[in-house]
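Enquirer: Sequence:
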Amino acid sequence: MEETVSDNPEAAGLSGRPVVWFFGYLAAAAVGFLVEVFEMSPLSLPAGVALAATLTVGVRVWPAIFAASFLWLLFVAHDLAAGPVMLVLACVGGAAGITLGVTTAAGIVLRFTKGQSPFGRISDYLVFVGFGAVLSSLIAGSVVAACFSVTGVTDHYVGVWRNWFVADLLGSMVITPFVLAWIGGGDDLGALKVRKAEAVVLTLAIAVLSLVALGPLSEFVGPIASHPLILSLPLAWGALRFGIKGTTVWVLLVSLLAIWGTASGYGALNAASIEHPMPALQFMILVVAGTTFMIGAISAAQQMTERELIEANRRLGARVDERTQALQESEERLGNLSTTDDLTGASNRSYFLEMSKMEFYRARRYHRPLAVLMLDVDRFKSINDTHGHAAGDVVLEALTETCQEVLRASDIFGRIGGEEFAATLPDTDLTGAMEVAERLRQAIDEQEISIDSGVVNVTVSIGVSVISEQTTEYEILLKQADDALYRAKEAGRNTVLSY
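Numbering follows this note's numbering, with no gaps: position 59 of the sequence shown is 1530.
Some hints here could point you the wrong way.
[What the hints assert, rightly or not] Keeping only pairs whose Cα atoms sit at most 20 angstroms apart, straight-line, the calculated PhoX-like set for lysine-lysine is:
1. Lys1950 - Lys1828
2. Lys1960 - Lys1852
3. Lys1950 - Lys1960
I should point out that these hints are in silico values taken from the structure, not numbers from a laboratory.
Start from the sequences and build out the full structure, keeping to the hints where you can.
Expert: Dropping the structure here:
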């Protein structure tokens, strides 16, 4: 697919149709003819439209440019030719030169800028000026002047070439940016809307200063105050603040007012020291357009760099957040591995003892009750032998889930051996501990555990011990609960006994 500057929905609409550019070219030529104030217009409106058309639509617009330029040349030179045949030949050759110039120039510009706006970076703008404006004007001026000279339409080749080249060059540098900016997409219009009052004041200031430097208001100020340099500051301000859309409007405004004022005999360019005001006017327009758009391109490049930095920081922040979250999840998993039993999800032995000792010392310090339960699955070895170790694992997982449902959130529950579990019950005396142990025993006894080979029922024996004044270490309390568990086993299993 051919790249164009306006690869957006608008370009696919009216501005993407060659017939629109055909009439646009003729309209620009007619306007240029109507407002022509010198022997030849200082800048060529149709040249600017033709280059904008090829940059917007691509090479496929060439028939429209060729036809429109042929009709325009036919109108311009109809009273200069020696005969109708020579006139048609001159116009065909000239139209071919104009078409060749803009299509060649646009192709090079689009290739270097990769279809992006040529006003977004200083390098792209220099490509636009060198290969767009200059090259297209050079080809068109050379071919038109040669065709007109060979066919006898004119015998002033150098003069025609120079005037055509300069007018096309200025048209490409002033009109083309205006057309491209206002038919294309972009966010520049947002700046104009947000800073509407500032834009209006700046427009009025540029208009007034243009009339002071190059129009009738120059009659009321001195030669220093009416120097064209007074326009440099507001134009630079506009380029920096409002982007390409506003800049094209103000450059075009200054150019038109300068043409009108100079042609009317006003301004610094009509000073006695300037013999030919038109070349001076063209040079001024060239400098104004070139420097202002270069400032705008530099500003746009800086803003693009800032946006890229912001986006890069955003992406970096997102990656840092992702890595931080992954690290936290990894640390959490590692923490769980260091505190949790892999099979059952209960606290492992080391973490259970650590947390239980903290509760033990708190109970001793504040003279609070504390109880310990020791649980052991009855005849667990026979379950493994009969149903396999996988079934034994399922039993342990189910037992853990049941115990955690019965116990409080403040109770500490852990797996301390193969089929042995323990629970530390803060603020629980012997009576409360026996009640909890009995609820655990009953819940497990009533539980039916599904395994691959069917359903199994298990029971547990539970030993209970409570803290006393003589209990100086948590291990003593745990040993007492273990002794009670041993006696419960000897008493027939599925039993709760206290130390």
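Enquirer: Next step is simple, just say for each hint if it's right about the structure.
Expert: Structure-based check of all given hints:
{"no.": "1", "hint": "Lys1950 - Lys1828", "result": "14 angstroms, holds"}
{"no.": "2", "hint": "Lys1960 - Lys1852", "result": "14 angstroms, holds"}
{"no.": "3", "hint": "Lys1950 - Lys1960", "result": "15 angstroms, holds"}
Checked against the numbered hints given earlier, this structure breaks none of them.
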